[in-house]
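In order, the protein sequences belong to chains X and H. For the first sequence, position 85 matches number 85 in full-length UniProt numbering, and the numbering has no gaps at all. For the second sequence, position 286 matches number 286 in full-length UniProt numbering, and the numbering has no gaps at all.
Check the hints yourself; a few may be wrong.
Unchecked claim - Derived list of chain H stretches under chain X, where covered just means 3 residues or more per stretch with a C-beta under 8 Å from a C-beta of chain X:
1. 36-42
2. 81-91
3. 240-253
Claimed, not checked - Derived list of chain X stretches under chain H, where covered just means 3 residues or more per stretch with a C-beta under 8 Å from a C-beta of chain H:
4. 42-51
5. 243-249
6. 273-283
Claimed, not checked - One side only, chain X facing chain H, incomplete, derived with CB under 10 Å:
7. His-22
8. Ala-25
9. Gly-54
10. Asp-232
11. Leu-260
12. Gly-261
13. Glu-262
14. Arg-263
15. Ile-270
16. Arg-304
By construction, these hints were calculated from the structure, which means they are not laboratory data. Beta carbons: idealized from backbone N, C-alpha and C, even for Gly.
2 protein chains.
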Amino acid sequence: MSRPTHLAVTVARRPVAIPQAHDFALSTVTLPDLAEGQIHVRNHYLSVDPAMRGWLSDAKGYADRIEIGDVMRAFAVGVVVRSRAPAFHEGDRVMGLFGWQEQAIVAPDAVMLRINADAPRLSPYLGVLGLNGITAYFGTTDVCRVQRGDTVIVSTAAGAVGSCVGQITKRLGGRTIGIAGGREKQRQCIDEFGYDAAIDYRSEADLDAAIARCCPNGVDVYFDNTSGGISDSVLRHIRIGARIAICGTAAIESWNPWPLGERPNRHLLIKRATMRGFLATDYRDRYAEAVETLSAWVDDGSLRYREDVLDGIEAAPGSIAHLYAGKNTGKLLIRLSAAED
Amino acid sequence: MSRPTHLAVTVARRPVAIPQAHDFALSTVTLPDLAEGQIHVRNHYLSVDPAMRGWLSDAKGYADRIEIGDVMRAFAVGVVVRSRAPAFHEGDRVMGLFGWQEQAIVAPDAVMLRINADAPRLSPYLGVLGLNGITAYFGTTDVCRVQRGDTVIVSTAAGAVGSCVGQITKRLGGRTIGIAGGREKQRQCIDEFGYDAAIDYRSEADLDAAIARCCPNGVDVYFDNTSGGISDSVLRHIRIGARIAICGTAAIESWNPWPLGERPNRHLLIKRATMRGFLATDYRDRYAEAVETLSAWVDDGSLRYREDVLDGIEAAPGSIAHLYAGKNTGKLLIRLSAAED
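For reference, chain X alone in the conformation it holds in the complex (with noise of 0.2 Å):
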């Protein structure tokens, strides 16, 4: 059933800023000996996400860093092939650090999510009903306590997390204000995801004037995936009792140096608000409760996403610069041969 070699990228050399192709190299490996304990998934969809930047840095971040040579860490969801874990069996579909790569040997905690048998198509499971949907969920109702009335600014407004949280925070009552880069982006936050206002931060040569503009009583809650002028922006129009979500940092190309800013001391003090950094992952123990929820939101329809789905593991290696390059309209993902839908 499983092939003694498959496709995989490796890391070729460590990036110096946004990770392009060259930074990757793609080959032909031998799939190792399924050990004991250890579960064999063919990979359908593999997933393509900011934070994989921040995985690939040099700097200690939040996760191990990936060494040169390894297989890139990624998200993927599948189908397991052989299992010798118990709690697996062949055919039991599976989201998890699978790896870019077609196929992968791996221990059971690799998994994050069991994805039912009914569900009618996988690549879901790594958007809005994988860690974008469950980082939207928690970062709206826990971490940002949204209340009915909040006015509720998002950036990256039509991105996979953040078309999430605008409509999580419709549900929850509150006003929606989503922040995006260009024409087309400002137009999917209204018509599609269901925002009250929209800012195309491109072409508004007066960000601060347009934040009032669309938040003239303030603002409540502040869902950030930008970092840099953007949130200061934001910032500057906070509401006593704000609670801001640091969610991701997609306007800084580098951390090394780290950036200057407005500095948000005085803002944070005089507003009594909450700056907050978060990962989806420090929920692992409630992803059910968060699918589960997520899922009859998408199946009665108030819960909408896009997927912007590449062919072939081949383009895979430059996948990471066209997300950051905000090319992408919707969840990016790579689809590969094993996928069937």
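Place chain H on chain X using the hints.
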């Protein structure tokens, strides 16, 4: 009982950065009539607080800004000499926003604390038993949720707030590291306020190395009274789940224009840390709880404090600059002629 005139310090012009003596005017003014519902307080001690700089700034802050010609807003302790408000009586001892003046005609809501008739001295109610102690109490117990075993760094560690934070943290079972400017304050941290370690940031060539030496396992809690380079260094050493209280920004000369510093976003994200601004006044409903606890600790000798007393209202105009120069050792107060101790 009241005199028709008294001495008051008014704001002569808006300070550019740290308020200086020449930004104020001392003059003899006529006391207004006591209207129905008001109280007449004779001040014994006037307070000098870092927050006064913010009150005077042109920028929109957390309190109504003070206008040119107004009596300088200030906390003071004193005695009610006449009352036309039902809840107050002649002889009542009170702490509140009575201004930099010898006497005050105020509404009852200017009173922030009533002082027990058996309290031996009034001045502690401007410091360790006043907003400094209350700030430290809620900052450690509520904002930072200090737990047994936490490693806690305090900036301006020998100051009026910082010295309380260090001592309260010890009582809660934390390990305390003080950062202060100068050898004498470093000594006070250890000898008087019981810190486990103290760093004199002025004599350290490499503050990061000093922090790493004092906190080999990283920092769980940072009680930040400074902002600036000290905070940048501490942030580089926080642990997962760290809590950072933003209480003051003593290291920042001016917030106009907004100063630049290292963006904290990625530290907060990687470490899933929380940075929260707070003001003691948000806890007004719980002052009595805090003062009762703090009083018991002062009485049993486990909460020590220092006062730095300047004599006469003539000392008030230059006192904020004195404070920001770090020349005081302990809570800075102005003693007026009415004071009996």
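Outcome of the hint check:
As drawn, the region 36-42 of chain H meets chain X at 0 residues by the rule of a beta-carbon pair under 8 Å; below three, the given contact is violated. For a cut-off of 8 Å, the count of residues in the region 81-91 of chain H with a CB near a CB of chain X stands at 0, and the three-residue condition is violated. Note: the region 240-253 of chain H has 5 residues with beta-carbon separation from chain X under 8 Å; the three-residue rule is met and the coverage holds. Only residues whose C-beta sits within less than 8 Å of a C-beta in chain H count toward coverage, and the region 42-51 of chain X has 0 of them, not enough to reach three; the restraint is violated.
Interface restraint, the region 243-249 of chain X with chain H: holds (4 residues with C-beta to C-beta distance below 8 Å; minimum three). Check result for the region 273-283 of chain X against chain H: holds, 8 residues qualifying (beta carbon to beta carbon below 8 Å, three or more required). Restraint check, His-22/X versus chain H: the minimum CB separation of about 25 Å is more than 10 Å; hint violated. A distance limit of 10 Å between C-beta atoms decides the matter here; for Ala-25/X the minimum to chain H is near 28 Å, and the interface restraint is violated.
Given hint, Gly-54/X at the interface with chain H, holds; its Cβ is 8 Å from that chain's nearest Cβ, closer than 10 Å. Taking 10 Å as the C-beta cut-off, the interface hint given for Asp-232/X holds, the closest approach to chain H being about 8 Å. Interface restraint check for Leu-260/X: the shortest CB-CB distance to chain H comes to about 4 Å, inside 10 Å, so the restraint holds. Satisfaction of the interface hint for Gly-261/X is found here, the shortest Cβ-Cβ separation to chain H being roughly 4 Å, below the 10 Å cut-off.
The beta carbon of Glu-262/X comes within 5 Å of a beta carbon in chain H, closer than 10 Å, and the hint placing it at the interface holds. At its closest, the beta carbon of Arg-263/X sits 4 Å from a beta carbon of chain H; the interface hint therefore holds under the 10 Å criterion. The restraint placing Ile-270/X at the interface with chain H holds, with a minimum CB-CB distance near 4 Å, inside the 10 Å limit. With its C-beta approaching chain H no nearer than about 27 Å, Arg-304/X sits outside the 10 Å limit, and its interface hint is violated.
Violated hints, in rising order: 1, 2, 4, 7, 8, 16; the structure is consistent with all others.
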